[in-house]
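Trainee: Each chain is listed here by its residues.
Number of protein chains: 2
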Amino acid sequence: MSIIETLGKQAKIASRDLASLSTVDKNQLLVALADALVTSKEMILEANAKDVAAAADHGISAVMVDRLRLTEERINAIAEGVGQVADLLDPVGQVVRGYTNLDGLKIVQKRVPLGVLAMIFESRPNVSIDAFSLALKTNNAIILRGGKDAINSNKALIQVARQVIQDAGYNPNFVQLVEDTTHAVAEELMVATDYVDVLIPRGGARLIQTVKEKAKVPVIETGVGNVHIYVDKYADLDMATKIVINAKTSRPSVCNAAESLVVHRSVAADFLPKLEAALAGKQSVEFRADAAAMPYLKNPVEATEADFATEFLDYIMSIKVVNHFEEALDWINRYTTHHSEAIVTQDISRAEQFQDSIDAAAVYVNASTRFTDGFVFGLGAEIGISTQKMHARGPMGLEALTSTKFYINGQGQIRE
Amino acid sequence: MSIIETLGKQAKIASRDLASLSTVDKNQLLVALADALVTSKEMILEANAKDVAAAADHGISAVMVDRLRLTEERINAIAEGVGQVADLLDPVGQVVRGYTNLDGLKIVQKRVPLGVLAMIFESRPNVSIDAFSLALKTNNAIILRGGKDAINSNKALIQVARQVIQDAGYNPNFVQLVEDTTHAVAEELMVATDYVDVLIPRGGARLIQTVKEKAKVPVIETGVGNVHIYVDKYADLDMATKIVINAKTSRPSVCNAAESLVVHRSVAADFLPKLEAALAGKQSVEFRADAAAMPYLKNPVEATEADFATEFLDYIMSIKVVNHFEEALDWINRYTTHHSEAIVTQDISRAEQFQDSIDAAAVYVNASTRFTDGFVFGLGAEIGISTQKMHARGPMGLEALTSTKFYINGQGQIRE
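From first to last, the protein sequence lines are chains X and A.
Here this note's numbering is used: the first sequence runs in plain steps of one and ends on residue 431.
Here this note's numbering is used: the second sequence runs in plain steps of one and ends on residue 431.
Just chain X, same shape as in the assembly (with noise of 0.2 Å):
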């Protein structure tokens, strides 16, 4: 039996017997989780340390050996979402619509648990414990697949919460780590139809390229977010640039971050100055500019064909100037990942078209688009932020993470 046989095996028997935990139990298992990881602490910091070492061998680049870093902190924060996930509501039993109808049946729609999930995530090891903890929230088992770099911090989380599951009394195969991190084992949990309900993949483009490609079991594509900020003819200035500023430079490295600017041809002149001189001295970005935003830039790369359709998730921006608003909306539609778009602008019939008809999962009218985020939206968690439409788009909170089953009860009824 190949490993992923196993697991999926081992994964069915846990969904089934995590459908008996009540909110309480899971919450109680939550928090003892919580507990645990900051008991755990130095065994942690000792796997994540062999991880970090490893990556600074392999010539892994600063930012990405710093999202592989844990601290003593970072896992007071791990443990702290622990802890907040307990106190969200529990959303596994809740009636989603229910009557009796002319026939006398009481029909009632409640949520209950997807099943088995699995999860295909890079390198940060938060991920691990976060989508576990979202899984036992709605009583999902769940199969972890990490990457090869953070495959020691992965391991140490999980076993302390595999730890926590067994020392409670429970099936500690509630959640399972992938721990052949080779391509052939990913791919075969990809058409795993047998044992998993749901993947979800968390990374860069390739791995949802390749899930998109492989997957043959329900997949939620997450994450890749080629973000346009478009600056209209109507837009305050101002504004554009405080909003393409902090799109652009607060955290380059997130799927929320904007990656080109769309500009319109008769602010181009006044804008692209600006942007620049207001980002003088403080933090400097590569402008990747078509044709039209060339001469008003200082020192502009000519910006290829695949640089507007590329997240480069770093300091460097692709910058289109457009004829008019319809093109704004032709261009954004033709290169969007359907994550996050937005437009400045004070003309309001251009805020509702432009949001109207952008085909994307969070669409703003002068606000950055950094806020696209479980939290910021309300939904109090996050596994990940769905760019497809079917199931879940957007931010993803604990809803995502559950299915709906009608009970329907009668006397006796039959249909005529």
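Check before you lean on any hint, since a few could be wrong.
Any copy, or any two copies together, can satisfy a pair, since identical chains are not distinguished.
Said to hold, decoys possible - With a Cα cut of at most 25 Å, we get these calculated DSS-like pairs of lysine-lysine:
#, residue 1, residue 2
1, Lys170, Lys24
2, Lys121, Lys257
3, Lys27, Lys227
4, Lys313, Lys125
5, Lys121, Lys248
6, Lys27, Lys170
7, Lys163, Lys24
8, Lys229, Lys65
9, Lys227, Lys41
10, Lys257, Lys227
11, Lys24, Lys41
12, Lys125, Lys163
Hints listed in this document are in silico derivations from the structure and should not be mistaken for laboratory results.
Guided by the hints, dock chain A onto chain X, whose structure is given.
Mentor: Below, chain A alone, put in the same frame as chain X:
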């Protein structure tokens, strides 16, 4: 360019054109379509007669020919269905949640269309108009690929629909029929990720299996129902008799009809002869029984393993005797196709445990499974019955044809 590329590109454009249709626009089109179907009756019946004649030539079974046949009454019923869709509340634009956050951002999550739907379906020609009317009501473009047996009927029906759209001054590609009914073209539709947002297959187990194996576009699985009725030790046997006869014989060709009877050992000797006696002289049903059930039946056929996994869609029923309640749960969870399942019992604990444990879209206590239906369940419409857990589960109404989008309005907010 292949036929699917052509239809796909046209559907993408149509889905953008559809975005601007108001509720009133959509309802007027639906009313016009209902009228046009009635006035085009002769043309539709003529086309259908060709399909019926060809089916007879191809030696297709009487039951299947009946599914294919249109009559004046059936066309009236299709038109009436279209009129009912006009009367339904429009889900597009509905606010799902919304609030003003601490930064003063106004965040609203609204229902929006999915975009381009595709449906692959088998013989019943009414499906084409039903599906189009629900797609139109939710501002979705739709590509229909019906079976070759109904090709003339589908062409006639879709021609009427496209004429109505065009006469109203809109893009007729709101609905398109794939006229090439080869498997190769259907399979091309299953991988048309550039054009199709969701594919809904409606048909037998073989079609669903092919879609599961080949599709790369997001899929909502529908329809296959290996439906069980479990008659418990604590069942009211008169009630159980009525329910089993209704669930098996009232309309055996539909997916919510029962296919398998599971009986607790302690009531088998009483119940099985009682069931046969109640059927005597009314409807003959072939019972394919396990060894434990054989002694209590008059002319049983010995069941094979395959019988227990088969959706007969006929006057055939498998019978399994179980030794205890837990065996019934395990048995049903092993063979369920996650559609509809029922228990007959007077024991409240078993009733609750059955509903919580059985992994199906609709789980009944003391009622016939024949009630699984979007209209009965209060959804006002039905585009199919989902047997998967993601996006929609059980009967799907208009909401299942929508996604959501976050609209965020600020006054220059940036994230610190």
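Trainee: Hint by hint, note whether the structure agrees.
Mentor: The hints, checked one at a time:
Only within a single protomer do lysine 170 and lysine 24 lie at most 25 Å apart by alpha-carbon distance; the minimum there is 20 Å, versus 47 Å between protomers. Within a single copy, lysine 121 and lysine 257 get their C-alpha atoms only as close as 55 Å, which misses the 25 Å cut-off; across copies the closest is 19 Å, which meets it. With identical chains, the CA atoms of lysine 27 and lysine 227 are at most 25 Å apart both within one copy (24 Å) and between copies (20 Å). In the homo-oligomer, the alpha carbons of lysine 313 and lysine 125 never lie at most 25 Å apart, since the shortest distance is 59 Å inside one protomer and 42 Å across protomers.
Only between protomers do lysine 121 and lysine 248 lie at most 25 Å apart by alpha-carbon distance; the minimum there is 23 Å, versus 57 Å within a single protomer. For the identical chains of this complex, lysine 27 and lysine 170 are intra-copy neighbours only, at 21 Å inside a copy versus 46 Å across copies, given an alpha-carbon limit of 25 Å. Taking CA atoms no more than 25 Å apart as the test, lysine 163 paired with lysine 24 passes inside one copy only; the shortest distance there is 24 Å, against 41 Å between copies. Neither within a single protomer nor between protomers do lysine 229 and lysine 65 lie at most 25 Å apart by alpha-carbon distance, with minima of 32 Å and 42 Å respectively.
When the C-alpha separation of lysine 227 and lysine 41 is checked against a cutoff of 25 Å, the pair qualifies neither within a copy, at 33 Å, nor between copies, at 34 Å. Taking the shortest Cα distances, lysine 257 and lysine 227 never come within 25 Å of each other, neither inside one copy (36 Å) nor across copies (48 Å). Taking the closest pair of Cα atoms, lysine 24 and lysine 41 come within 25 Å of each other only inside a single copy of the chain (22 Å); across copies the shortest separation is 48 Å, beyond that limit. Within a single copy, lysine 125 and lysine 163 get their C-alpha atoms no closer than 39 Å, and across copies no closer than 39 Å, so neither meets the 25 Å cut-off.
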